[in-house]
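Enquirer: All chains should be built: construct the whole structure from the sequences, respecting the hints.
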Amino acid sequence: MSQEIFVLVEHHNGEVTDATHECLGQAEALGGPTVAVLLHSGERALADGLYADRVLSVDDAAFSHFLPEAYAAALAALVRDRDPRLVLIANSTVGIDVGGPLSARTGRPLVAYCKGLAVEGDTILATSQVYGGKLNAEVEIAGPAIVTMVAGATAPAEGSPGSVEDVAAPELGGLQTRFLTRIEPDGSDVDITGEEILVSVGRGIGGEDNIGLAQELADAIGGTVSGSRPVTDAGWLAKTRQVGKSGRKVKPKLYLACGISGAPEHLEGMSDAELIIAINTDEKAPIFDVAHYGSTEDLFDLLPALTEALEGVTA
Amino acid sequence: MKIVVPLKQTVDLVEELELNDEATDVEREYLTFKLNEWDEQALEEALLLKDAGVASVTVVGLEEEDIDQSLYSALAKGADEAVKLTGDFSAGVSSHRRAAILADYLQGAGYDAVLIGVQTPEDLDGQAGGILAGLLNVPHVSVAVGVEPLDAGLKVTQEFGAGVAHELAVTGPAVIGVQAARQAPRYVPISRIRAAMGEGGLSEVPAPEVDVPAGLTVRRMYAPESSSHAEMLSGGVDAVAARIVEIIRERGVLK
Ligand SMILES: Cc1cc2nc3c(=O)[nH]c(=O)nc-3n(C[C@H](O)[C@H](O)[C@H](O)COP(=O)(O)OP(=O)(O)OC[C@H]3O[C@@H](n4cnc5c(N)ncnc54)[C@H](O)[C@@H]3O)c2cc1C
Ligand SMILES: Nc1ncnc2c1ncn2[C@@H]1O[C@H](COP(=O)(O)O)[C@@H](O)[C@H]1O
Chain A
1 MSQEIFVLVE HHNGEVTDAT HECLGQAEAL GGPTVAVLLH SGERALADGL
51 YADRVLSVDD AAFSHFLPEA YAAALAALVR DRDPRLVLIA NSTVGIDVGG
101 PLSARTGRPL VAYCKGLAVE GDTILATSQV YGGKLNAEVE IAGPAIVTMV
151 AGATAPAEGS PGSVEDVAAP ELGGLQTRFL TRIEPDGSDV DITGEEILVS
201 VGRGIGGEDN IGLAQELADA IGGTVSGSRP VTDAGWLAKT RQVGKSGRKV
251 KPKLYLACGI SGAPEHLEGM SDAELIIAIN TDEKAPIFDV AHYGSTEDLF
301 DLLPALTEAL EGVTA
Chain B
1 MKIVVPLKQT VDLVEELELN DEATDVEREY LTFKLNEWDE QALEEALLLK
51 DAGVASVTVV GLEEEDIDQS LYSALAKGAD EAVKLTGDFS AGVSSHRRAA
101 ILADYLQGAG YDAVLIGVQT PEDLDGQAGG ILAGLLNVPH VSVAVGVEPL
151 DAGLKVTQEF GAGVAHELAV TGPAVIGVQA ARQAPRYVPI SRIRAAMGEG
201 GLSEVPAPEV DVPAGLTVRR MYAPESSSHA EMLSGGVDAV AARIVEIIRE
251 RGVLK
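In order, the protein sequences belong to chains A and B. 44 is the number that our numbering gives to position 44 of the first sequence; each next residue is one higher, with no gaps. 145 is the number that our numbering gives to position 145 of the second sequence; each next residue is one higher, with no gaps.
What the hints contain is simulated information worked out from the structure, not anything from laboratory work. Just so it is clear, CB atoms sit at the ideal spot from N, CA and C, and this is done for glycine as well. Be aware that a few hints might be false.
[As the list claims (entries may be wrong)] Far from chain B by the CB rule (all over 12 Å, computed), these chain A residues:
1. Leu30
2. His40
3. Asp53
4. Asp60
5. Phe66
6. Ala126
7. Ala155
8. Glu165
9. Pro170
10. Gly212
11. Glu268
[Stated by the list, open to error] If you only want the chain A side, here are some residues facing chain B, beta carbon under 7 Å, derived:
12. Pro68
13. Glu138
14. Leu180
15. Ala291
16. Leu306
[Claimed, not checked] Here are the simulated lysine-lysine pairs, PhoX-like style, with alpha carbons at most 25 Å apart:
17. A:Lys284 / A:Lys115
18. A:Lys239 / A:Lys253
19. A:Lys284 / B:Lys50
20. B:Lys2 / B:Lys50
21. A:Lys239 / B:Lys155
22. B:Lys34 / B:Lys155
Expert: In structure tokens:
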């Protein structure tokens with residue numbers, strides 16, 4: 001095993017994701033040597049923006065878009081060949097997709113939802129988020145491992161770009177997955193990232209018929225209704241209104257979270273809001289750890305009361 | 001096309017989570033378990049393919065707390081076949097062990113596609129679907145929000161967030177991690193689940209012994225001591241409402 005720490009570079013449309021820079025920052029904090037793995041098709045120049053000791057550049061037409069099968073195969077070949085101590089991958093769609101296959105193909109353990117890594121003698125200690133963010137797990141990693149890192153956990157890398165080593169792509173014939181099209185965001189609805197006040201509802205709202213309660217409050221306060229993933233998946237709100245990891249990242253002046261538990265994927269989209277007020281009957285809900293103010297009143301009582309109180313003020 | 005949907009019982013997160021004596025995991029004895037919500041999405045997507053006339057659906061679950069209920073519920077919703085892999089799983093099952101058991105079962109039973117929930121709240125050692133794909137040496141596509149027939153294979157919509165997604169064509173056997181079905185999971189009345197239970201129809205197969213070498217040791221679990229906590233407002237609904245209005249006025253949010 002080498003002491004190198006590999007970081008998979010995630011990039012879309014010519015841009016490297018923030019989470020990649022955070023993974024590089026974590027690798028650097030562990031003492032490196034840091035090796036960025038850039039799988040691409042004619043985008044070698046992306047290496048210039050990567051603060052790592054070295055960049056492995058693998059150029060192949062199969063990498064013109066993220067293609068899970070090609071990524072997993074290429075990574076497994078590189079990891080077998082170079083035997084790094086750790087492979088860090090953002091816990092994004094890409095990390096969720098390739099982490100497991102890479103673990104199984106290389107026989108290395110996988111630590112998911114990692115919030116941070118530290119060196120303790122020969123052991124690496126990982127802290128992971130489990131049970132929807134309600135618990136942390138401290139995990140000892142004895143040998144080589146794959147780690148998927150949650151967004152926002154570490155500071156991005158600083159420094160200067162590393163030297164680039166060109167590596168031949170492994171044999172990628174016979175792929176059974178093919179890229180068809182990229183779907184762009186739907187721009188027909190309000191852009192919740194531009195709104196100053198969001199009244200955001202979670203599964204606690206109970207059903208589509210109750211969205212009106214949030215809408216009335218939003219009308220009274222001059223805000224817009226948004227929601228958590230289960231609410232948009234169920235069709236109670238449009239997909240464009242979804243806040244979080246796979247929805248929009250918002251930073252309003254006021255984020256009123258109603259019946260939202262505060263799962264890590266939700267927090268990823270709103271924890272930077274200037275003022276967060278959470279309403280949740282479960283006093284242990286993780287949302288209260290990021291909220292500035294909270295109430296355990298039932299939202300079905302509190303939302304109408306709040307609407308009424310606001311109408312009193314603004315009338 | 002034969003679609004297999006693995007089902008997993010997960011801790012109901014609405015409940016208080018207590019730790020075991022060693023503080024290395026939750027104390028499972030007093031918890032209630034329910035079907036992993038993303039497995040429910042995977043099942044719905046599989047049933048939509050069945051409705052479209054291109055697939056049969058087999059659900060398979062390890063003998064975990066209340067798994068019968070989930071398997072029969074799937075049958076009541078329209079799954080063709082339900083299999084329970086029996087064994088003692090009361091202490092919980094890591095993703096790697098689950099994946100190894102499923103890989104062994106699938107290699108014997110045959111399948112064209114596996115639709116599995118994108119994650120479970122307990123995936124400390126990774127998502128079972130991805131590990132399974134690696135063990136089976138077949139393609140994996142995760143965070144899928146649509147799985148539709150395309151020629152002889154499938155078209156999978158893979159979501160990246162903020163409204164961006166890719167459409168991929170997949171031919172041959174594959175494991176697909178489902179984030180969300182194209183429609184909300186169908187509802188099945190409890191009477192139909194009871195009727196399915198009455199008819200039986202669950203086949204039981206002993207889970208294979210698998211060898212899962214450990215590379216990780218959980219030292220402890222703990223509730224995160226967050227650096228901050230909300231200031232909790234009390235005094236009844238009207239007092240809380242009045243205080244919230246006051247706060248947002250003080251902060252200049254209300255004009
Ligand atoms: C790859 C991936 C991406 C994801 N992306 C996102 C994303 O972008 N956005 C997102 O939100 N989620 C996302 N998720 C899902 C996320 O993991 C959670 O499942 C989700 O955030 C939970 O939504 P919730 O808080 O509304 O529901 P729950 O977790 O079910 O919480 C509901 C809350 O409502 C409270 N409640 C119930 N009744 C009342 C009442 N009457 N009054 C007050 N409170 C009440 C309960 O105490 C509970 O805390 C993603 C998951 C994955 C795997
Ligand atoms: N807990 C674990 N963490 C990580 N990797 C594992 C773990 N258990 C098993 N593996 C790897 O996953 C693969 C599957 O193991 P097996 O059970 O032998 O099929 C093997 O290559 C193991 O090394």
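Enquirer: Look at each hint and say if it fits the structure.
Expert: Structure-based check of all given hints:
1. Leu30: At about 17 Å from chain B, Leu30 of chain A clears the 12 Å cut-off, so the statement holds.
2. His40: Holds, because the least Cβ-Cβ distance between His40 of chain A and chain B comes to about 16 Å, which exceeds 12 Å.
3. Asp53: Consistent with the label, Asp53 of chain A stays out of reach of chain B, its closest Cβ about 25 Å off (over 12 Å).
4. Asp60: It holds; Asp60 of chain A is separated from chain B by about 17 Å at its closest Cβ, greater than 12 Å.
5. Phe66: violated, 7 Å
6. Ala126: violated, 8 Å
7. Ala155: holds, 16 Å
8. Glu165: holds, 26 Å
9. Pro170: holds, 15 Å
10. Gly212: holds, 18 Å
11. Glu268: violated, 9 Å
12. Pro68: holds, 5 Å
13. Glu138: Because about 5 Å separates Glu138 of chain A from the closest Cβ in chain B, which is inside the 7 Å limit, the hint holds.
14. Leu180: With a minimum Cβ separation of about 4 Å from chain B (threshold 7 Å), the hint on Leu180 of chain A holds.
15. Ala291: holds, 4 Å
16. Leu306: holds, 4 Å
17. A:Lys284 / A:Lys115: holds, 20 Å
18. A:Lys239 / A:Lys253: holds, 22 Å
19. A:Lys284 / B:Lys50: With Cα atoms ~41 Å apart, Lys284 of chain A and Lys50 of chain B exceed 25 Å; violated.
20. B:Lys2 / B:Lys50: holds, 9 Å
21. A:Lys239 / B:Lys155: Given pair Lys239 of chain A, Lys155 of chain B holds - Cα atoms ~21 Å apart, limit 25 Å.
22. B:Lys34 / B:Lys155: violated, 30 Å
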